[in-house]
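Visitor: Numbering that gives the first Met the number 0 puts the first residue of the sequence shown at 0, with every later residue one more than the last.
Quick caveat, the hints were computed from the structure, so don't treat them as lab data. Just to be clear, a hint being listed does not mean it is correct.
As the list claims (entries may be wrong) - Subject to a maximum C-alpha distance of 30 Å in a straight line, what follows is the list of computed BS3-like cross-link-like pairs (lysine-lysine):
{"hint": "1", "residue 1": "198", "residue 2": "226"}
{"hint": "2", "residue 1": "151", "residue 2": "198"}
{"hint": "3", "residue 1": "202", "residue 2": "185"}
{"hint": "4", "residue 1": "198", "residue 2": "218"}
Model, not experiment: these values are computed from the prediction.
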Amino acid sequence: MFGELDFFEMILRATLSFLVLLLMTRLMGRKQLSQLTFFNYITGIALGSIAGDIASESKTPFLNGLVSLIWWSLLTILTAYIGMKSRRARTVIDGQPVIVIKKGEILENELKKAQINMDDLTMLLREQQVFSVKDVENAIFEPNGQLSIMLKEDVQPVTKKDQKIFTIQPMYIPMELVVEGEIIEKNLKEAGITSNWLKSQLKSQNLQLSEIFYVELQKDGSLFIDKYQELTN
Numbered sequence: 000m001f002g003e004l005d006f007f008e009m010i011l012r013a014t015l016s017f018l019v020l021l022l023m024t025r026l027m028g029r030k031q032l033s034q035l036t037f038f039n040y041i042t043g044i045a046l047g048s049i050a051g052d053i054a055s056e057s058k059t060p061f062l063n064g065l066v067s068l069i070w071w072s073l074l075t076i077l078t079a080y081i082g083m084k085s086r087r088a089r090t091v092i093d094g095q096p097v098i099v100i101k102k103g104e105i106l107e108n109e110l111k112k113a114q115i116n117m118d119d120l121t122m123l124l125r126e127q128q129v130f131s132v133k134d135v136e137n138a139i140f141e142p143n144g145q146l147s148i149m150l151k152e153d154v155q156p157v158t159k160k161d162q163k164i165f166t167i168q169p170m171y172i173p174m175e176l177v178v179e180g181e182i183i184e185k186n187l188k189e190a191g192i193t194s195n196w197l198k199s200q201l202k203s204q205n206l207q208l209s210e211i212f213y214v215e216l217q218k219d220g221s222l223f224i225d226k227y228q229e230l231t232n
C-alpha cells in the first residue's frame with residue numbers, strides 16, 4: 000500500500016509544485032492575486048488546479064505538469080503585458096465598466112448587456128449598505144463584478160444620530176413592488192398594501208403599469224418610480 004503511494008515522491012512533487020506556484024504568482028503581480036477581473040479569477044483557478052494535479056496525482060508525469068504550470072503562468076503574464084500596452088486588447092481581455100444607473104435613472108438596456116437583472120442590482124446595492132435605488136445618482140458595474148456607486152448629494156454620509164437630530168421610526172423597509180414591469184405580489188402582501196393602491200398611485204401621476212420598469216417602496220411610504228428607458232428618451 001505504502002509502496003504504491005510512493006510517499007517521498009509525493010512530498011517532493013508537492014514541495015516543488017508549491018515553490019514554482021509561489022514564484023509564478025509573484026511574477027504575475029498583485030493584480031492576479033487580487034483577482035481584479037473575471038479573467039484573473041479564472042486563470043487563478045486554473046493555476047491552482049494544475050498545481051494540485053501535479054502535487055497529488057502520481058500518474059501525471061511531473062515534468063509535463065510543471066511545464067504546463069509554467070507555460071500557463073507565462074501566458075497570463077503575457078496577456079497582462081498586452082493589456083497594459085493596448086487599451087483595445089485590455090477591453091477584449093478584461094471587459095469594460097457598464098453604467099447601469101445614470102442621473103438616478105435605471106438603464107435597463109445596459110442591464111441586459113451586463114447580463115444582470117434587477118434582483119442582482121438591488122443585491123449589489125445592499126452589499127454596500129444602499130437599500131434604496133432612489134439614493135443612487137450613478138452606478139457602474141465593474142469588470143470584476145462589483146458595483147461602484149455615487150450617492151445623491153442630499154444623502155448625507157453621516158447619520159442623524161451623529162448629528163443629534165431627532166429621528167422617526169421608518170414605516171416600511173424599502174422593497175421592490177414592480178420589477179421589469181411585473182408587480183411583485185409577495186412584497187405587496189408583506190408591506191400590507193394592495194395592487195389597486197399601487198395602480199392608483201401610478202394613475203395619480205398619469206402613469207400606467209405598462210410604462211413602468213421599476214417601482215420601489217420608500218421608508219416613508221412614498222414610491223420611487225423608474226419608467227422604461229425608451230419612454231424617457
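Visitor: Now look at each hint and say whether the structure bears it out.
Guide: To see whether the hints hold, each was checked on the structure:
Restraint check for residue 198 and residue 226: the C-alpha separation of about 14 Å stays at or below 30 Å, so the hint holds. Annotation: proposed proximity of residue 151 to residue 198 holds, straight-line Cα distance about 28 Å (limit 30 Å). Proposed proximity of residue 202 and residue 185 is supported: the alpha carbons are some 22 Å apart, at most 30 Å. Between the alpha carbons of residue 198 and residue 218 the distance comes to roughly 19 Å, so the proposed pair stays at or under 30 Å and holds.
In terms of the numbered hints stated before, the structure departs from none.
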